[in-house]
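Throw the hints in and build the complete structure from the sequences for me.
Next come the chains, spelled out residue by residue.
2 protein chains.
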Amino acid sequence: MSEQIGDKRKLKDESEFPSVSIGDEGKVIQVLPKRPVIVPTQKPNLHYTPLKTGICYDVRMRYHAKIFTSYFEYIDPHPEDPRRIYRIYKILAENGLINDPSLTGVSDIGDLMLKIPVREATKEEILDVHTEEHMQFLESTEKMTREELLSKTEKGDSVYLNNDSYISARLSCGGAIEACKAVVEGRVKNALAIVRPPGHHAEPQAAGGFCLFSNVSVAAKSILKTYPESVRKILIVDWDIHHGNGTQKAFYEDDNVLYISLHRFELGKFYPGFPEGNYDKVGDGKGKGFNCNITWPVKGVGDVEYIWAFEQIVIPMAREFRPDLVIVSSGFDAAHGDTIGQCHVTPNCYGYMTHMLKSLARGNLCVVLEGGYNLDSISNSALAVAKILIGEPPDEIPESDRDPKPGVLEMINKVIRVQSKYWKCFRRKFGNFGGEYENAIESQIPKMFPLQDAIRNAQLSHYYDDFGMISLSLPNLNLPKNSIICSSNFFKAKSLCVLLHDTPEVWGNRDIITGIIDPSTSIIFDSSLKFINWAIERETAVIDINIPRSAFEADNYSSNLLSQDVMISLWDNHFKYIESLEKLCFIGIGEATSGIVHLLGKRDTRTVTKAAINFVGSSSLKPIVPSLDESLGDWYFKNSLVFTDHFHGCWSENDKKPRKKYGRVLRCDTDGIHNIIEERFEEATDFILDAFDEWSDTEDE
Amino acid sequence: MSEQIGDKRKLKDESEFPSVSIGDEGKVIQVLPKRPVIVPTQKPNLHYTPLKTGICYDVRMRYHAKIFTSYFEYIDPHPEDPRRIYRIYKILAENGLINDPSLTGVSDIGDLMLKIPVREATKEEILDVHTEEHMQFLESTEKMTREELLSKTEKGDSVYLNNDSYISARLSCGGAIEACKAVVEGRVKNALAIVRPPGHHAEPQAAGGFCLFSNVSVAAKSILKTYPESVRKILIVDWDIHHGNGTQKAFYEDDNVLYISLHRFELGKFYPGFPEGNYDKVGDGKGKGFNCNITWPVKGVGDVEYIWAFEQIVIPMAREFRPDLVIVSSGFDAAHGDTIGQCHVTPNCYGYMTHMLKSLARGNLCVVLEGGYNLDSISNSALAVAKILIGEPPDEIPESDRDPKPGVLEMINKVIRVQSKYWKCFRRKFGNFGGEYENAIESQIPKMFPLQDAIRNAQLSHYYDDFGMISLSLPNLNLPKNSIICSSNFFKAKSLCVLLHDTPEVWGNRDIITGIIDPSTSIIFDSSLKFINWAIERETAVIDINIPRSAFEADNYSSNLLSQDVMISLWDNHFKYIESLEKLCFIGIGEATSGIVHLLGKRDTRTVTKAAINFVGSSSLKPIVPSLDESLGDWYFKNSLVFTDHFHGCWSENDKKPRKKYGRVLRCDTDGIHNIIEERFEEATDFILDAFDEWSDTEDE
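These protein sequence lines are chains A and B, in that order. If you count the first sequence from 1, position 688 lands on 688 in UniProt numbering, and the numbers rise without skipping. If you count the second sequence from 1, position 346 lands on 346 in UniProt numbering, and the numbers rise without skipping.
Mixed in with the good hints, there may be bad ones.
Said to hold, decoys possible - Here's a subset of chain B near chain A, in silico, CB distances under 8 Å, partners left out:
| hint | residue |
| --- | --- |
| 1 | Asn95 |
| 2 | Pro393 |
| 3 | Ala454 |
| 4 | Glu505 |
| 5 | Val506 |
Worth flagging that the hints you see were computed from the coordinates, not collected in a lab. It should be emphasised that the depicted structure is a prediction, and the values quoted were computed from it without experimental measurement. Note that the Cβ used here is the ideal one computed from N, Cα and C, for glycine as well.
Okay, structure coming up:
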């Protein structure tokens, strides 16, 4: 980009001229310029011939198949079925992308695609990733008896073997290598390797998950070795629904290969289920930051989630990495219709993701088949990918404007936060602090203090000014100052409203560059105030309890415990000694509701407690555990209202209502504590008035 | 997507079979399945023929040219030069994309592109956008005399005219229509209209900015009218460096056309300079939310900024809009080398943006030339776009990993915030509140209170506990409670440190879905504390002043004024009456530094003031205005240190140091108030000690 700005020299290139018009008085005439000859400096009779898309396919890879031990296996075959590659090849032919009416894998396949001959990967190539023992074991399967094969199949980790497994696996691996080579050498524009058995679960020392050799790893290592100058960095994107543990392992300490996998994880419950598949595994040694796991927390994700992950993580990271070659570990088991993956990625979305990846590495892209078990889904998906590879635009994404599934945005955010230590592109999202922020909080530098303390102090001063409320302390509990604020006359109250809540929400702006929150445009949203106002108006005493959360503690374990201790302590030391008390109601907000449900199960408060209203929002439902009297469960269901967010997890899977032990759970139309309180305030307070038997009184007033 | 999950029926399609191996005891044999005949259900001898890319070009559009009035105009031609379209056509031929050795615009141009014949737009078509008067005026230019033409040229808004202008403009307009038609009718895959004069500045009633008819608007209206069923929504992306005021106006109240423009705005100083080009103009009536201006705050933007804007705004918005056709108003004057646009977009980036747009509307994309005046830049850029259109992958983006220019991220963020009222995709960034948030703050609902008040109260309680500091009030000023906190003995201090700062920063997490800030993981970063500790240790009295900002006020005008009033009032009513006072220093942080500089210019404080340290961070430099004594300027320069962020705007354009009136301005290595204070704390305090003549004393102690 050394072009000089404003250089006018080229404008006067004599072979070019402006078509000018000039006139004398009264008449405008067209005047030919001095040198009218149109002779372009470079004779433009060149032909631009776009490269074809390479394709790898060899019928011999269909020989690896499960040995039948029953007729049932014939009618309900093993999912990693030899027809997988045949069906993909067939759909490409049926749609005219390859010209092979016999479907036998001929050499000349027409104008759009170029056949890349498949060969067996050499032992040397394979041994760059796998151990000698693993190699020898697979070699030995060529000569094994049926019994030996069946016994090895049984002992392995989801792998079957026959006498052709070894040759098929070497062809599959060799196909991946040759496809990548053809791309790197510029013989094809990009490539699709229709190979099996798949590879990404095969670890250096062992087969696993239908995989014998780690095809993509072997190919990547081979390319880095063979073309050390032109290919220094390889990006592997693994969109198989399973984590590619084998590929991850092969490059975990390598900074020349960036491995990004999108897969179901579900706290390690989904195959392969190793902790290595979690999002916090970012590589090691000089490979730190060159491993990225995007872990779906639930099944059923689809186009929206994949596109969001690509836009937010894969593409920015990849562009910063600047790969020389992109290899896709292309399982199609996240596809709609795959009963193993149970997700809903459409063919169009596979195409769209391919389109996005084409923008990297000057288009050097090699798509290698991994899993995917619904023959219709994988062939339609592969067709969509192939169309993009030959240069067609992606088709429309259905439902692209629905919201991502609950939990997915948070997960993406967690991945970004973890990776922001290593990738500049993410710091724009989280400010310049990157990982320093957590350290700062944990080390408790004296010049910092927690926001939640400041908020609670501010609340006290408001409640004191407006309602004369005062601070109450519970000496035996480790509660921050001013956690409990109550009406000064609460000890002689007739009716009492107990408010138990998390630290109030703050709404505000966050600077996109520095990550700093601007206090001047931020507000504290104090949900209690609305209830306190309501109670005070009705001459009901109020006790307002703030349960601070512990920073960075998973599941808020200790703040849940704290809210339980506080409620028990308040009951045992205060409430039950208020002789005047006739009517008690609880209002819980957020995680803190745990304390209310705990108290109602542990103590029999039914003589005075008339109602319990819990706004749980998005936090988990708390079951009552009736430790004294079984009937408490029924009583709780009758006397409670539990409001959840619209998108609370308890509503997601089926139409079943949550069980009675959670109270009378109601689904709000909105999400977020503020919104659901706004939506249900009337309903909640009417319920209390009804329970207090004050409904008609109030109406009459 | 009605495919049934787990439907096994199709797996048993009889034309397919698994290649299975089955064995009897001791031997594994390959057994042919029952029906080995490979007869695909559909005979795969179809040929998939990708459509060509359409191209519009006609030499007659070169007849519109500026009438020469001097030889100077011949050697330095008008930038909207007839050669613009010729050079683009030529480079496509030179690179073999079109086959036309004579460069005359032949009909058969080879395998990759298809010639779309250009015709004159009809009056009816043009009148759907333009007024009858405008039409008649341009028609009349065909018969005007040279003098008339020159006079009209002079009177117009940057438009020249000759006797061929009318026909050229109608061809240009017709070319745009025909290119769009060919795409919509599926005759071509996509299209490039190499047309001139450009169109996007032409408003319904008037020509402007080299534009006569609004080509893209006329084309869009015509398509919507002609194909009401197949094209209901059109996206127009205008990446010309100027705002397309004409196009915006044509569709400002239309929800069928989403107009997104990326352009230099610079507070309206850049052409066309109408306030209509600002980012807050989002459309009107039912068109509200269907107009989006992405306004570069500075010149010199390039690939990184355009890609960021595309990824953050254009693509998400477009995907939610789901257009049936995408038209690009493709000026190439943001290209590197264009002296009018003064920006640095590379050809590869134009290609990349085209690649991204190809993913919309099933690839229905029509690129129509607008501005762009460096003949080399526009031809290279157009070539890169054309290569993407025919299906090639984009080339690499140079420097894609640099940071966006200062101000650009903020600007993008402002656009997103404004548009988040209308587009769901942005709410994921700003929480569910969308525009409700600002309303909530402005209406001051009683259940909310400002975060900055809570923070200041918390500071007071800390300073009181640790240093015995107390609150001081200035009765005549409208300062929030506790804004001024001082050492209790400050009125008999010998040395005094005056700290003046904005509300302290908060660091914290913001929930990606709800936009709520989690107080439990947020901290207040109190920069004052470090200085107070330092001063108290040296038995220097301290006065700490917090200047709250006004929410949502541009340029912090009133908080600047407030900080000035506070300092004058403190000086006039307090400091100058402290008889013991010998040494005074000021430490300013953020916008509040304004008050210090103001005081030092308005009052002669030199008998006691020894040093003024201002950490301005990213806020603007404040010039001293010496109202009493000219020498104050020099004095301020000698006795001050002013620390800026590394990326402060004052350093961006050239190597010149800021002028002396701003004090001794120093550039930090880092950014953000917290970081620059950490970086320069020693330097700042040493400077004060030196000025206080306490350096050696301190050393000796």
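The hints, checked one at a time:
1. Asn95: The hint holds - Asn95(B) has a Cβ within 8 Å of chain A, the shortest such distance being about 6 Å.
2. Pro393: holds (2 Å)
3. Ala454: Given a least distance of 4 Å, the restraint on Ala454(B) holds.
4. Glu505: Holds - the Cβ of Glu505(B) comes within 8 Å of chain A, reaching about 5 Å at its closest.
5. Val506: holds (4 Å)
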